[in-house]
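**Student:** Sequence:
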Amino acid sequence: MGVQLAKQSIDLGIVTTNGPAMLAFYRDVLGFKYLREMPSAGGVMHQMLCGDSMIKLVVLPQVPLTAAPGGIQGAAGYRYWTMTVTNITEIVQACVDAGAKVAVKERELRPGVKIAIVEDPDGNWVEFLALG
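Numbering of the sequence shown is given in the working numbering, commencing with residue 7 and proceeding in unit increments.
Think of the hints as simulated: they come from the structure by calculation, not from any bench.
Any given hint could be a false lead.
[As the list claims (entries may be wrong)] Simulated pairs of lysine-lysine, BS3-like, Cα-Cα distance not exceeding 25 Å:
id: 1; residue 1: K62; residue 2: K13
id: 2; residue 1: K13; residue 2: K39
id: 3; residue 1: K107; residue 2: K39
id: 4; residue 1: K107; residue 2: K62
id: 5; residue 1: K62; residue 2: K39
id: 6; residue 1: K120; residue 2: K107
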C-alpha cells in the first residue's frame, strides 16, 4: 500500500541560521503568504504558503553542520526544489534585484518548457519552471 495523502501538497522544512535574509527572500521577494511564527527545535519556525505547500523556515541560533554548497553537483541528498510559475522572467529578475545569485540562467529545456535556478541567501537552489 502506498501513501494515502490527506493533503495534495508537501511541507518543506528549511533550517537556517540566517533568518532575516532567508525570511526576506521567501516572504518578500518570492511573495510567499506568511502564516505564523512559532517556537521550534530551540529556535523559531516561520510558516509560509507556496500555493498549497507549506514552507517551514526554521531559524536556529547555530547548527552543527551546514549543507555542502553547489546545488545538484555539490553533494548527494535533497539539493533543490521546483516551483511551476507563469512569470519566470519577472521572478528571476526580482531575485537578481534582491541580490540572489543565478545558478542556471533562464533557458528552454525542451519546446514549451523553460527553467531557471537561483540561490536563496543560504545557497540552496530554487528552480523555477514555466510551461507553455
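**Student:** Take the hints in turn and mark each one as holding or not.
**Tutor:** Checked hints:
1. For the suggested pair K62 and K13, the alpha carbons sit about 16 Å apart, so the restraint of at most 25 Å is met.
2. Annotation: proposed proximity of K13 to K39 holds, straight-line Cα distance about 18 Å (limit 25 Å).
3. The suggested pairing of K107 with K39 holds, with an alpha-carbon distance near 23 Å, which does not exceed 25 Å.
4. In summary, the hint linking K107 to K62 is supported, as the alpha carbons are separated by about 22 Å, within the 25 Å threshold.
5. Among the hinted pairs, K62 with K39 is consistent with the structure: their alpha-carbon atoms are about 12 Å apart, no more than 25 Å.
6. Taken as a hint, the K120 and K107 pair is honoured in the structure, with Cα atoms around 18 Å apart against an allowance of 25 Å.
In summary, the structure agrees with every hint in the numbered list given earlier.
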